[in-house]
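Novice: Read off the chains here:
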Amino acid sequence: MNLDDLAEKAEEYRARDAGITHEVRVCVAAACQSGGSLPVLEALKAECSDGGTCKVKGVGCMGLCSAGPMVAIAPKGGTIPDSILYREVKPHDAVEVLASVGGTPVERLHTPTDQPFFARQQRIVRENSGLIDPESFTGYVAAGGYAGLIKALSEMTPGDVLREMTTSGLRGRGGGGYPTGLKWSTVAKMPADQKYVICNGDEGDPGAFMDRAVLESDPHRVLEGMAIAAYAIGATKGYVYVRAEYPLAVERMELAIRKAKRSGFLGSKIAETQFSFEVEIRLGAGAFVCGEETALMASIEGLRGQPRPRPPYPAEAGLWGYPTLINNVETFANIAPIITHGGEWFAGIGTEKSKGTKVFALAGSIRNIGLIEVPMGMSLREIIEEIGGGCPGGKAFKAVQTGGPSGGCIPAQHLDIAVDYDSLKTLGTMMGSGGMIVMDETCDMVDVARYFMEFCMSESCGKCIPCRTGTWQMHELLDRITKSKGTHKDLALLEELCDVVQATSLCGLGQSAPNPVLSTLRYFREEYEAKLTAE
Amino acid sequence: MSLLQTRPALPSDDKRWKLVNAAMRRNGYAGHALIETLHSVQESFGYLDEPAMRFVAGSLDLPLSKVYGVATFYHLFMLKPKGRHACVVCTGTACYIKGAGALVDAVEARFGVRPGETTEDDRLSVLAARCVGACSLAPAVVVNGDLAGKQTADRLVAKLEELA
Numbered sequence: 001m002n003l004d005d006l007a008e009k010a011e012e013y014r015a016r017d018a019g020i021t022h023e024v025r026v027c028v029a030a031a032c033q034s035g036g037s038l039p040v041l042e043a044l045k046a047e048c049s050d051g052g053t054c055k056v057k058g059v060g061c062m063g064l065c066s067a068g069p070m071v072a073i074a075p076k077g078g079t080i081p082d083s084i085l086y087r088e089v090k091p092h093d094a095v096e097v098l099a100s101v102g103g104t105p106v107e108r109l110h111t112p113t114d115q116p117f118f119a120r121q122q123r124i125v126r127e128n129s130g131l132i133d134p135e136s137f138t139g140y141v142a143a144g145g146y147a148g149l150i151k152a153l154s155e156m157t158p159g160d161v162l163r164e165m166t167t168s169g170l171r172g173r174g175g176g177g178y179p180t181g182l183k184w185s186t187v188a189k190m191p192a193d194q195k196y197v198i199c200n201g202d203e204g205d206p207g208a209f210m211d212r213a214v215l216e217s218d219p220h221r222v223l224e225g226m227a228i229a230a231y232a233i234g235a236t237k238g239y240v241y242v243r244a245e246y247p248l249a250v251e252r253m254e255l256a257i258r259k260a261k262r263s264g265f266l267g268s269k270i271a272e273t274q275f276s277f278e279v280e281i282r283l284g285a286g287a288f289v290c291g292e293e294t295a296l297m298a299s300i301e302g303l304r305g306q307p308r309p310r311p312p313y314p315a316e317a318g319l320w321g322y323p324t325l326i327n328n329v330e331t332f333a334n335i336a337p338i339i340t341h342g343g344e345w346f347a348g349i350g351t352e353k354s355k356g357t358k359v360f361a362l363a364g365s366i367r368n369i370g371l372i373e374v375p376m377g378m379s380l381r382e383i384i385e386e387i388g389g390g391c392p393g394g395k396a397f398k399a400v401q402t403g404g405p406s407g408g409c410i411p412a413q414h415l416d417i418a419v420d421y422d423s424l425k426t427l428g429t430m431m432g433s434g435g436m437i438v439m440d441e442t443c444d445m446v447d448v449a450r451y452f453m454e455f456c457m458s459e460s461c462g463k464c465i466p467c468r469t470g471t472w473q474m475h476e477l478l479d480r481i482t483k484s485k486g487t488h489k490d491l492a493l494l495e496e497l498c499d500v501v502q503a504t505s506l507c508g509l510g511q512s513a514p515n516p517v518l519s520t521l522r523y524f525r526e527e528y529e530a531k532l533t534a535e
Numbered sequence: 001m002s003l004l005q006t007r008p009a010l011p012s013d014d015k016r017w018k019l020v021n022a023a024m025r026r027n028g029y030a031g032h033a034l035i036e037t038l039h040s041v042q043e044s045f046g047y048l049d050e051p052a053m054r055f056v057a058g059s060l061d062l063p064l065s066k067v068y069g070v071a072t073f074y075h076l077f078m079l080k081p082k083g084r085h086a087c088v089v090c091t092g093t094a095c096y097i098k099g100a101g102a103l104v105d106a107v108e109a110r111f112g113v114r115p116g117e118t119t120e121d122d123r124l125s126v127l128a129a130r131c132v133g134a135c136s137l138a139p140a141v142v143v144n145g146d147l148a149g150k151q152t153a154d155r156l157v158a159k160l161e162e163l164a
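Those protein sequences? They're chains H and Z, same order as listed. Here our numbering is used: the first residue of the first sequence is 1, the next is one more, and so on. Here our numbering is used: the first residue of the second sequence is 1, the next is one more, and so on.
Source of the hints: derived by calculation from the structure; they are not laboratory data. One or more of the hints may lead you astray.
The calculated DSS-like cross-link candidates involving lysine-lysine, where the alpha carbons are at most 25 angstroms apart (straight line), are [stated by the list, open to error]: (1) H:90 x Z:150; (2) Z:150 x H:395; (3) H:463 x Z:66; (4) Z:159 x H:90.
Can you make the complete structure from the sequences, with help from the hints?
Specialist: Have a look at this one:
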């Protein structure tokens, strides 16, 4: 199969909807489903059964999760900004919603799409999200899906793919920011008769739900990225490791794997080439540390998810000792467009050292809660105040936590920073996987630090002593301070422990566990001191 | 000595064991299928007890200590039976900031159980999750598998009281 054959297929799938002028899209991702979007979908389908010019379908996440269930009326093939968008739609609104197709919007439900939340986004990872039916293989192909894989297989050598990835400047979206091209090239160079590709979907960072939305909204995109990676590095087997807490994501991924296999985009001799690639799902079982790559591989092997020292890196000796490429969900979702449009195109977006876009999950004390995708280098102020709409209820912004329990907080005086991997590091936090928890003036920062320490304490795997014991001791100290029973000596001991745990822990969980404490101490030390008692 | 490993018989004629066996067979009784197998035991029986772990250990040819080690390592696996109803309170960051603590306290005040505990009449188990990924609906709970967002203490207690 070549690109022309695929384009023909896509055209054939599009032709099935020849008489359709408008699509009524109902979000069926997890957040909107729990808000009751499935009955809305049913009601709309029942009202629109005459086979006219309008098609009702379930789609993935549109982003503004706090306003769900979301319904969009779009001209066929239109994007979200082209649509009439409705919020908090109920089944009994179906008639009114359908009556507004091609006419005036229903004022009561209407959410303008020219507001910054939609207008300021640039969607690459999420370009299909909210537009296509995540359970439909033909829908993905009709939207241009699998063109990246077919282009790689029919027109490029594995070396070409690696060069394109290096040119793109893509960095790992799981939080570390390691250059993807370099990682792929390292695995590709390893001589081995078996290699593995792993997609890390163990989104354990509380307050982050980007990967969940990608898996639920556009699962084929992730599979396509994995297949391209496998071709580039010479792997034949892949695993998608997903948290068991995301049942809908697991279900959609399983369906996508089955359909891709049936259509010959996974399995043996893909697209009539010699390239074969199988993918299996592995479920997590509720351990945060399994997001760490060596712990994740132990979990796939059926063991306790405990990390091991690196080197050797997974690229040299990973799953069952074989060279293994492990990337995050969002990283894999970036691959197909890079291959389709070229690495140069991708490198033209973002900042000098951080290319492309980043998906962020906005949550906490912010008006527009949900998912956004913006070019790297956008200022934090634009993200929080314009796109996010600021804190609700007229409260003043105090800080935003990025990077979850491994990251830190950024106070109001640094809001003008341009967000990329390196700038966040200079502020003592990190990009992390993309969760942004906004805190307003009512938030107690010492309590936030205690909360994160409690998290790290109970998620510590127990393998190395600095993390196992250190997080417990730090939590005790923080607990004492929040209860106004701590002394200056306690605070000094806490700072010393931060240093020890950071420097001597085995894996990233322990090394970064003190970060929330260090960062709140850096910017809100007076809040700690106000709680201390005299000796 | 036969090279063929003899697998233990099903612990009882409960049909659910066949589901567990099928999960192991699908993975060729490989040791690395341990977590998948434990998931299937928990899905079928609600929790992992000693006979189940012994059966899995024997079938996958793993030491019982290893099965027990994995079962206790992962938070999702329960070694005790759950109550008839399960309420999972999300304690992720977004929910925490929006008052998950108050939900936990309200449930304790009304039913006398903290996360990880089950009421004496086996009616309700309360669990805490690290983040269910529904941050837009914070604070969120999962009652008997259904996600419910934007909870208040009163609404949650009322919802739990309605359960039979």
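Novice: For each hint, tell me whether it holds in the structure or not.
Specialist: Evaluation of the provided hints:
no.	hint	in the structure
1	H:90 x Z:150	17 angstroms, holds
2	Z:150 x H:395	19 angstroms, holds
3	H:463 x Z:66	16 angstroms, holds
4	Z:159 x H:90	21 angstroms, holds
In the structure shown, no violation is registered for any of the earlier numbered hints.
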